[in-house]
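Q: Sequence:
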Amino acid sequence: MKTTSHYPVLMTNDVAGTAAFFERHFGFRPAFAADWYVHLQLPDDPSVNLAVLDADHETVPEPARGHTVSGLLLNFEVEDVDAEYERLGTAGLPVLLPLRDEAFGQRHFITADPNGVLIDVITPIPPDPMFAAAYTADALPGTGA
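Going letter by letter, the sequence shown gives residues 1 to 145 in full-length UniProt numbering.
Among these hints, one or two may not hold up.
The following label-pair restraints were derived from C-beta to C-beta distances [said to hold, decoys possible]: (1) His57 <-> Ala133: 45 to 51 Å; (2) Trp36 <-> Ser5: 19 to 25 Å; (3) Lys2 <-> Asp45: 19 to 25 Å; (4) Ala20 <-> Pro46: 26 to 32 Å; (5) Asp128 <-> Asp82: 19 to 25 Å; (6) Arg100 <-> Thr136: 24 to 30 Å; (7) Thr90 <-> Pro46: 24 to 30 Å.
What the hints contain is simulated information worked out from the structure, not anything from laboratory work. All C-beta atoms in this analysis are idealised placements derived from N, C-alpha and C, irrespective of residue type, glycine included.
Turn these sequences into a full structure, and let the hints guide you.
A: Take a look at the structure:
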């Protein structure tokens, strides 16, 4: 199989509100918008996509209808996590995990969307040597590789 695109689709009871949240706070813009589905893209990188779908829509298989998103953590890697922490905190988003450095190579914090979807905002940093050994050379964070 050759995959040509990959993006999460958040099933929700509030398509418009969820789409507006990601537009307002994360800079997404709609590439397609209907009352039951909104396909969002980042204007400066159209390869970054996120979709929002009405959980009761007819395209959702019957056994899955009505089940809204849960157990999901979205990661957004950014250039300056400190600036985003300040900006999103000032905007009133909840801080579920305060800004901190992780030995495995991340400086990050966690917030959530109106559905409770966790959002991990990350800037890669050099990992401690113990964790650096677990990375392949081309994936080592914070090294410019």
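Q: Does each hint fit the structure? Answer for all of them.
A: Against the structure, the hints come out as follows:
Between His57 and Ala133 the beta carbon distance is about 46 Å. The supplied range of 45 to 51 Å therefore holds. The supplied range of 19 to 25 Å is met by Trp36 and Ser5, whose beta-carbon atoms lie about 20 Å from each other. The given range of 19 to 25 Å is respected by Lys2 and Asp45, whose C-beta atoms sit roughly 21 Å from each other. At about 20 Å, the CB distance of Ala20 to Pro46 disagrees with the hint of 26 to 32 Å.
Checked against the hint of 19 to 25 Å, the C-beta distance between Asp128 and Asp82 comes to roughly 20 Å, which is consistent with it. For the pair Arg100 and Thr136, the beta carbons lie near 25 Å from each other, so the given range of 24 to 30 Å is met. The hint said 24 to 30 Å for the Cβ distance between Thr90 and Pro46, and at roughly 28 Å that hint holds.
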